[in-house]
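K.L.:
Mind docking these for me? Both chains are given alone in their own frames, and the hints should help you get the complex.
Line by line, the protein sequences are chains A and B.
Going by numbering that gives the first Met the number 0, the first residue of the first sequence is number 0, and it counts up by one from there.
Going by numbering that gives the first Met the number 0, the first residue of the second sequence is number 0, and it counts up by one from there.
Since the hints were derived computationally from the structure, they do not count as laboratory data.
Since this is a predicted model, take the numbers as computed values, not measurements.
No residue lacks a Cβ here, since even glycine has one placed at the ideal position from N, Cα and C.
Watch out, some of these pointers could steer you wrong.
[Claimed, not checked] Rough simulated footprint, nothing fancy, chain A against chain B, three-plus residues with beta-carbon under 8 Å:
1) 152–159
2) 162–168
3) 171–178
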Amino acid sequence: MGGVEVVVEGIVKSFGGNPVIRNATMRAPAGRVTTLLGPSGCGKTTLLKIIAGLLFPDSGRVLFNGRDVTRVPPEKRNIGMVFQDLALFPHLNVYDNVAFGLKARRIPENEVRRRVFRALELVSLNPGTFAFRRVTELSGGQRQRVALARTIVIEPEVLLLDEPLAHLDFKVKQRLLREIKRLQRGLGITTIYVTHDQTEAMEVGDHIAIMNEGKVVQEGEPEEVYERPADSFVASFFGDANIVELGAEGLVAVRPEDVIVNPDNGNADYRIPGVVEDKVFQGALVRLEIRVDTGRETVIKALVPKGSGSYSPGQKVIVGWKREAMKPLRE
Amino acid sequence: MPSKILRAYTYALLAMIYVPIAFMVVMSFNDSPYAGEWKGFTVKWYKLLLADSRALEAFNNSLTIAIASAIVSTLIALPAAYHTSKTPKLGVLNALTAPPIVIPEITEAVSLLVLFLYIGFPLGWVSVFIAHTAFNAAYAYVTLTVIRGADENLVAAARTLGASRFYIWRRVIIPLSMPGIVASLMLTFMLSFTNFIKTLFTKGPGFETLPILIWNRARRPGLTELSSQNALNALTTLLVLVSISIATVYTVIVLRRSRTSRIVGA
Chain A
0 MGGVEVVVEG
10 IVKSFGGNPV
20 IRNATMRAPA
30 GRVTTLLGPS
40 GCGKTTLLKI
50 IAGLLFPDSG
60 RVLFNGRDVT
70 RVPPEKRNIG
80 MVFQDLALFP
90 HLNVYDNVAF
100 GLKARRIPEN
110 EVRRRVFRAL
120 ELVSLNPGTF
130 AFRRVTELSG
140 GQRQRVALAR
150 TIVIEPEVLL
160 LDEPLAHLDF
170 KVKQRLLREI
180 KRLQRGLGIT
190 TIYVTHDQTE
200 AMEVGDHIAI
210 MNEGKVVQEG
220 EPEEVYERPA
230 DSFVASFFGD
240 ANIVELGAEG
250 LVAVRPEDVI
260 VNPDNGNADY
270 RIPGVVEDKV
280 FQGALVRLEI
290 RVDTGRETVI
300 KALVPKGSGS
310 YSPGQKVIVG
320 WKREAMKPLR
330 E
Chain B
0 MPSKILRAYT
10 YALLAMIYVP
20 IAFMVVMSFN
30 DSPYAGEWKG
40 FTVKWYKLLL
50 ADSRALEAFN
60 NSLTIAIASA
70 IVSTLIALPA
80 AYHTSKTPKL
90 GVLNALTAPP
100 IVIPEITEAV
110 SLLVLFLYIG
120 FPLGWVSVFI
130 AHTAFNAAYA
140 YVTLTVIRGA
150 DENLVAAART
160 LGASRFYIWR
170 RVIIPLSMPG
180 IVASLMLTFM
190 LSFTNFIKTL
200 FTKGPGFETL
210 PILIWNRARR
220 PGLTELSSQN
230 ALNALTTLLV
240 LVSISIATVY
250 TVIVLRRSRT
260 SRIVGA
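Just chain B, same shape as in the assembly (with noise of 0.2 Å):
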């Protein structure tokens, strides 16, 4: 039963990438430090994130660079992407925006904090969030011309049937391309509020985001109550459960854009 086998095959896949999140999730609400021992269920290590101003800080961060860079990066990649839906060849433009996506991150990371040091540019809130635009702005790129707004030919349409530029940029080219923007906003909000390695390399000493303010507990585990490991848990559940949302309504989004955009050619 080759089909049974592959349906076991998929849920054991699906097992280890779930088990481990649902395992810190349910220790979250844990209320023993030790993630190991279940000693009942408590909302106390929630309770003690709502009073730490070190993670409400490292949120706030988190939260401005991602809205920040999620708005520039799409804003960047906006008319790049419409060039790119007027042009039907673009082999090597095309190509150009792929490495940014598959080079090694630690080797972005390197250099762009080679990059900070060499132009003597102070590490900090600024330094995060423009290396965080910068590899942002190839996704969101990729984003919008992979959900094809408004083609040349609806535009043609409008304009024979009348319409200024300006009302076909307000009644066909934003509306259509809504869903790519909406698209690229989310995507990019999540690859930078989640980014570590990035921001690691070009934070400057004393600041922190959420991931790395994980990190430099998880370096400790157990020098506070608020470094033990349910604490982390509860810190970390935060975290996924902000890209879960996004992701989801990112994935809502993707499927409905492409489901109409098939049934709409003639």
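For reference, chain A alone in the conformation it holds in the complex (with noise of 0.2 Å):
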């Protein structure tokens, strides 16, 4: 328990010349699960390799536990990866998968053995059902198993995932993240989970870093991030937000469930009158896309719950929020 605290320090990196990282800067605490979430093309995958050692960057440190290991590489860093393909060896069984690296590290036969069936039994395979079974016979969940598993069995100090459920059914993927994280707790690893999924994101994650264009522009809790999004970028990609700019209070940040449709005098700080443009039932609540003839956006979006009165398209309303709803941004 315990683990080693990953910091990462001022990284930039450039293929042949277009720069992939521009300047990344971010911690991830030792025990916990960090979430590095971020849009497609961001370069998150490219810092999960620099911090595997798969690659090194042009400039910039990884420190683990204080410890410079920028140039280490991946075999000596004493690190788990899981595979956004998963990358199993296919002309190995499930055994001989998990078993690799203990292998590759000679390890005598029999710890190999108690070792393998242990990882099996954590990440819920049967040994005595799965153990020999070929890798291509499995189903996407079970190997995803056998990737953890065998991420797992050699004990690394950081485990680092990349987007390991991208290709799993919702209910699959809702079971398995709840296993990791069990799993995680269990071990007490340091964990960096990369996602582009906001809600897979905030499930996951003690700690969250979030990248856009190559920088980190924002980490901390997740709520602390929801609750005081740094910019426009974070506000709309972690949670959904309404961004306006408003006279004396610059450029700032409204969260849809903050908007009051209609609201009672003395309710709302500010009030805009708009029109209903567009009603979504989504089960709990109703979203609605009132268009507004003010600020940054022309339309604002807002959520309210099911039973809180009937609207329809066309129809012409008052949106109004706290003063304290409001984020204030940096440009």
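P.N.:
Structural data, given as structure tokens:
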């Protein structure tokens, strides 16, 4: 338990003159899950490969508990990585896939066997049923578990997961997400989880770092980032937001759930008249899109509880919000 | 019924390809020296071949050149193919490997002969071997790159699992490239074993491979019992037998390989 704190400082990386990481500084607290969230192409997989040692940065440092590992190759870093396409060895069965890292370390056969079986049990694969199956015979979720077992069996200090659940259906994804979290808590491994999916990021991350265009633009606890987004990108990428330009206040974000439709007197500090343009039923909530003629955005998104009044497209309404709902953004 | 017509057409096409070969195989068991008249079943042409030292020597030349050329051309192509598998875009380099396959064989044959004569290289086993290997390397390269071995992520995964370079070559790259290596060996063996034109131009006087021997005897049919039609049919049947068995194994390996790699992709 405890684990290793990972710190990334001022990483810059270009491929053929094309900058992929412009300036990445972030921290992954020891023993916790840090999610690295960003749209595709923002450089998050490249940053993860730099943390793994599969790529070396042009400048900047990678520190494991203060120790500079920037130029240490992956085989000497004691990390574990689950790849986006899993990268299971197609010519080996489940057992040999999981045993790979142990055999590479010349660990005696009986200990290999014990540890492989325990790792399979940890990821809820019955060794008796699965150990000697070909990986090509497994379902997507089962392959995912093998990839995870292969990684944790070597007892890495840092676990790196590159969109590990990207190709699974919703239900399998939900179950595996919970299991990864349970497994990580049990083992206490510092984990960096890369994803482009904000719900996944919120669900799994104790700490979150948001990347855009090669930079880490904000990091912190998920709630903190949600409540105080640094800029308009974070506000609209991590959760949904209305970005509004108000004279005295400057640029602010207002979460759709903080928008009040037809507020009573004294219930809202800001009021704008508008017209309902679209209405989408989302179960417990109804999402309204209201066209207004002030502000930077001309459509305000609002989430209202399903029973809170009937709105229909074309209807004239007032949208409003309280002063404390406005989150000031840096431009 | 277009589908029925198409099926009949396909059968006709296959018949066009296989009837002459089947005729030749059947006639190699004909007790008459002439292919046209059936005189009953015999294996005498094959017995005759076993005692025919010239045929045995030609067979031996064909076999040794084909084996050597297959191994050397595959070894030559391997580093280039590995480079390609690590580099996604190689337009020009890839384009350069196609000409050896599409250039008319007679052109290659003449150019090789001119080159050998120009540098004064003695013609014989070695010159034929060089000629075969030069064009086989292109086929070996194409085979090795088409049948992808270990992709880069597998190597990266092995590294994060703590494996050394040597361990990765031994446990990942070579086992996964094996189907490509075997396929390349078989394809280049077959191309060399059955080659005629390049061999004819680069062999020099007196040196014979199996296809050359068949041609030499077919030019003067019936001159001796060994060059009778059905003796030639027996000789050619052996050639076909070797090629078909190699081609079958090759097809099985390629099919199995492409099937598994399709399943593995997540």
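K.L.:
Which numbered hints does this structure break?
P.N.:
none
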